[in-house]
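Asks: Below are the chains, spelled out letter by letter.
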Amino acid sequence: MSVKIVTDSTSDMPSDIADQFGISVIPQKVIFGTEELRDGIDITIDDFYRRLEASNTLPTTSQASPGEFKELYESIATGADAIVSVHVSAALSGTTNSARSGGQQANIECSVEVVDSRQAGMGAGLVAIAAARVAQSGGDLRQVVSAAEDAIERCETYVLLDTLEYLQKGGRIGKARAMLGTLLSIKPMIILRDGVVQELGKERTHRKGMVRLRRVTEEFAPLDELCVVHTTTPDEARAFAEQLRPLLPEGKEPLLAQIGSAVGTYTGPSALGVCLLRSAAK
Amino acid sequence: MLDTVQGINLPSPWSGDALLEMFTSGAHILESHVNLVNRLNVFPVQDGDTGINMLLTLRDTLAEARSADGDTAEAVANAMWDGACMGAKGNGGSIVSQLFKGMAEAFDGKAVVDFEDFAAALRLAKGHAYNAIGNPVEGTMLTVFTYAADAATQSAATDSSADDMLASAARAARDAVILTPTLLPRLREAGVVDSGGLGLWMILEGVRRCVAGDDAAPDELDIPLPEGVDSSEVGVALEFLDLTEDEEYGNCTQFVIRGEALDIDALRAEMTARGRSAVVIGDNALIKVHVHTETPDAILDYARSLGSVSRVSVENMDEQRERLAAKQRQQTEETLSQVIPIPVLAVAWGDGLEAVFRHEGASVMVAGDTMNPSVRQILDAVEEVPSENVIILPNNGNILPAAQQAAEAADKTVRVVPTTTIPQGIAAILEFHPYRGMDDNTAEMEGAAQDVRTAEVTRSARSVTLDGIAAEEGQLIGLFERQLVVAGEGLTDTTLAILRSADVGEGDLVTLYHGEPITEAEGIEVVKKAQSAFPLVDLQHYYGGQPYYHFIISIE
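Protein chains in written order, with numbering that gives the first Met the number 0: chain W, 0 to 281; chain P, 0 to 555.
Next comes chain P alone, as it looks inside the complex (with noise of 0.2 Å):
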């Protein structure tokens, strides 16, 4: 649908006509690429095809402009500007957008502009981009703006040639590129550049190339990468993903409002006050919006006060993320049947724990709390252990005298080390080595079970006073080495008061696994606190999805 015809000079001033051809240009250039652009994306979830969400917008620009009302440049920006406002997709197309606002406005009355005139879009554009967000950051498709806006202006101011004016917006917009990981540390993280700055620049180089008569072909392009970094390899730091995946929930909306007399700073005030990722842009008589929240209802009907409604998409990016999720535990799924089993049978209670324990290879014997096994019930998972020699990790003082007696009465060779908590437990299968017998192996795992300290955060199930401490029933309790440390304070505060009495400090490794009763949110809000409490310590946060202790702590 994109065709352009390549090779020719175009010197302003320009018609519309040459507009349209321009930024056909760019859009070419940007669909030879838009995997790339895809991959660079640092969001995993909603806003994951950067790419796609620009390419299509210019599509929507592009296709309004070719049954623009003439041929001038003032009809076709206009054109431009409603298909880019209507067809605006995700974050990185509603930004894109800004650039034919800022055209429309600068060719107004004008049958044909000159470079100066795009030299003030460009301006222009870059403005109603910092508008068109909440809470601008820098090291974004803003930073690439506002160095092409720049460049383009001074060089509109002495150089005398549009083709000077656009190679030193595309050379500006390249260099801004390139220093967006300096910029923003999310993008420094995952060792790749801001995915829709570099598509701004794409779009820009199309268009320089177009007026320039520069006829490379569009999959020939001097891409700005981080050093090192190889286009055909370049992809967001799978680590990164997981640490990220949480930060975007709810359900991505956006909608269409056509009214009169709109308010849109208001409109974007709102927007960024009730969620997150906003992004508002258009003018007085239409305005499209952008934004993450979990109550799209409630956003829609203040919408709805306001004028009329229309073009709503509501996404949830739970059920994205779950999808993600899914295709994350079908991959572990894979690397689990690459594990070597070993002769352990390990007792736990909560998904994720049970994988630390599968991980290593071990047999996991679902059990805990208020679920103590029988020895008959040990016994037969030992049978299950497909080995003739067996350690068992009972993981719970409840759980260690069946599991004794269960090693007395099997046929196989049992032995227990005596783990009463699962940090004891995981660092004791940590010393398993398949190379040691079954007696040396027993002796080592029971040295590093005792080299570890546990702490647990739960709710008190009865009223009590304890190791001089009160509690009531259903407060919060956090107990260290199972001694009852502090009551009643909040999750975090409960967390920071077992550290401290822990004395944890440099060089100590704190690991945090959070249970059922919290949410993963929850979970990195806390881990986040206690990081900036206790700078030096290494904390390390994982899902163990145990019943009843929001947090199981494992400090070593």
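Bound conformation, chain W alone (with noise of 0.2 Å):
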């Protein structure tokens, strides 16, 4: 018997991952002026970042609605258990809020958990995947549930920015907006906590931001789980999560995930940053 695991397309999980560790994921919707087009499906990534770079006016995203993780939970429920869902923090979406109403709408046997992994993009995804590690070892809903939780507390999502321009546009600053003062140009670095934006420090050339990128990497090792992240920049990501995979213990590869619509709104394009779980030793 099994417990099936469940994420949101915000959490910018690549296909492959999703389907090596039995994940569903639900797609949810950018919408440019009155178009709306489901992330993923109806608007490439790279399609999307083109249009941010062309539009004066910033997309929004919204959620898939209770009806959508009705017939997502429906079509998944046989022979499971139970269902764990986990989504982009409550703090920046009403996914959750989508996902528990589906859930009761949802005519099924097995029941339905929601966890709001308090991470946005790919740092949801560990989440989500810590989970389905469990879950693929046949550990029961309250196992599956609890290494959610315990990966939720181990989790640290951070970028470098190559503008301010899109966080300011988007209203989403958070606890950084004292960089907003700034006259020079900088490369902004910011960090999620509690589903907050907050500064992580600022740059003058991506080439210091990329040091500093490594250096906190660093300050946060030993890691069970390690995620590269990028807007456009696949390569440089790629030599990136090489060059951090000594952090990871033997035999552990590095993640590399494409920053889509919901969090790439707020970054902008060639935005690069780093989603890992800390060890629990640590």
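Simulated from the structure, these hints should not be mistaken for lab results. Only a predicted model underlies this, so the values are computations on that prediction, with no experimental measurement involved. Misleading hints may appear alongside valid ones.
Quick list of simulated restraints, FRET-style, between CB atoms [as the list claims (entries may be wrong)]:
(1) P/Glu383 / W/Lys168: 28 to 38 Å
(2) P/Arg458 / W/Glu164: 34 to 44 Å
(3) W/Glu241 / P/Ile339: 35 to 45 Å
(4) W/Glu152 / P/Ile339: 21 to 31 Å
Quick reminder that beta carbons are idealized off the backbone N, C-alpha and C, glycines included.
With the hints as a guide, bring both chains together as one complex.
Replies: And the structure:
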């Protein structure tokens, strides 16, 4: 018998990783003006960034509806003991509410447990993966949920941006507001804490920002899980992941993911960051 | 003042009254969207109101046409041209007036005109429009003229109705508007289409609607804008305004010359040579001139030697720019009022440099090379910082010792990050983090300060041979990390020599702060040349306002 794991597309989970861990991903929506597009289905991530750069107004994202959650839960409930649904921080999005209503409306035997990851992007993805690892090795509902909650405590997400522009436009600047006064052009670094954006630092050049990203990551080591995330620069992300590989336990691969529309609206193009799970030992 | 009957088909041939009605309809559409056309303009000064300029020109054109001597096409077109030529305002108005010059020529001797005549007028107008501009550039109204004239000519040769001809011309004009950002980089950067071109299309679209009896309301219009841009939000990117702000300077000078056998081509060449953005339109009896110059009196004297000069208007663009700058300063003050104070006291001299520190939340003590503060003065400044813990950035080797003494003597807990240059101080303050303790902050800021190199361009205060280089008093010299690397060269060569000494390359950031000894325009000139000499380096240019130093340069 088994516990099934669900997350949403704002987790930016690459489809091969979702398949590997048996995770179902529900698409969220991105809205440009009056046009509603399903994230990753109606619009590819690369097309999204091209439109974001060309557009003077920011797109908005909207969560999947309760009805869509209901359908998804019903479609995967067969043979499941329980469903654990891991989603983007409730401080940033109403997705967990949609998931809860969808779970209540679903005509299924098994229970649905909705987990607020207090994270966004692949940070939420890593929480879902931690839950899926336990589910795959036969864990029951209680064990899977506690694995997710434990991962939330050890999860960090931080990103080097190319410009303040998109954070500023999007208004999701949280406690990073102090950076807005800066007269010089800077490369801001932000970190997600309890679902809120905080300033991690600012550098004058991308190169110095990369050095800082590496140093911060080393300070979090030892690590259980590591994912390098990017918006438009896969080669740089891959090379950076290779540099960080020694921080992971022997034999464990760093993951790579492209930041999708939900988070990418606020980071803009040429952003690069890290999502990680610190080791339980630390 | 504009009125027209809508929804009535107006087939050719056209009388003078019909022409008046057609262009009244064009003015209506432009009027409905005049604010949009204004907002699209990429020049923030003098020519900032392209839409208004075109509309006012059209109004004078139509007013003159209403009092035309008779109802023939010839009489009305001549009146239109008189009104347009005299009323032409700004570049946009001057170019659009060529439309009426073309009509006056093509309709010569005709009581009524057919659509073939109208196509011929467009063709003539296009030629005049190109000639009116000293340096024609594509991606502007000129391109829209070309497209419209070519389409009209082709349609007049193959189709059989005025409706078809005008529809082709308007459609082609609209296509040309969409093309403008691909032809003109500054439009692409600003994310807009050409404003004058858009206005010209609106006029042609109004003419088309009037003739076709299309009674759509003037504000119902499928406006060609770049993809993803909403017409209610469109405006020139602020960043871009900053970049172009200083390209237009001097006085916007406009006047009319009346005379006999005036040589318009010679006058145009003269105006293009003497000023910028020259537009010269007219004929051998009446010429209207629009030119940006720093010496309007000399230009007017020259004009008076050719004929009788009237309708003189000289507007100081520097004053206009100053007003714009004042508005920006006010916005800066507003931003500054939202900055969260941090417990850092930075020493700086020059309003631009002071602003950089203030915007990070620091308190600023104004001092520097020839103005070294006493320990007492530093202590007083420390007292003013709204915090019990204070980090001092002396940013000058001569001020560092006093800062260190002040730190020991202060009642507050004071740390000194030993910065000896402004670039070090800026690198340090960017490293300050509100969530970090004072000792950690001091250590990290010191590390950041050591990561940046400093260069300076200034005048040698005395004749000296230093580091194997001889400099005479008053010569420009270049210092890199306080070593003399070049002397006796011009501003650009000095700056380039410094960058070569620093061995800057791909991925390096070079930030130049220009100071009191030079103007912003001189600064921009040097930065442009440095960028072409070092294409892979990220070069940034800010106003520092520091005395003595032409440039303070940060290399990281």
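Asks: Indicate, hint by hint, whether the structure satisfies it.
Replies: Status of each hint after checking the structure:
1. In this structure the hint that glutamate 383 of chain P and lysine 168 of chain W lie 28 to 38 Å apart at CB holds, the actual value being about 36 Å.
2. Judged by the Cβ atoms, the range 34 to 44 Å given for arginine 458 of chain P and glutamate 164 of chain W holds: they are separated by roughly 39 Å.
3. About 39 Å separates the C-beta atoms of glutamate 241 of chain W and isoleucine 339 of chain P, a value consistent with the hinted range of 35 to 45 Å.
4. Distance hint check for glutamate 152 of chain W and isoleucine 339 of chain P: the Cβ-Cβ separation is about 30 Å, which falls inside the suggested range of 21 to 31 Å.
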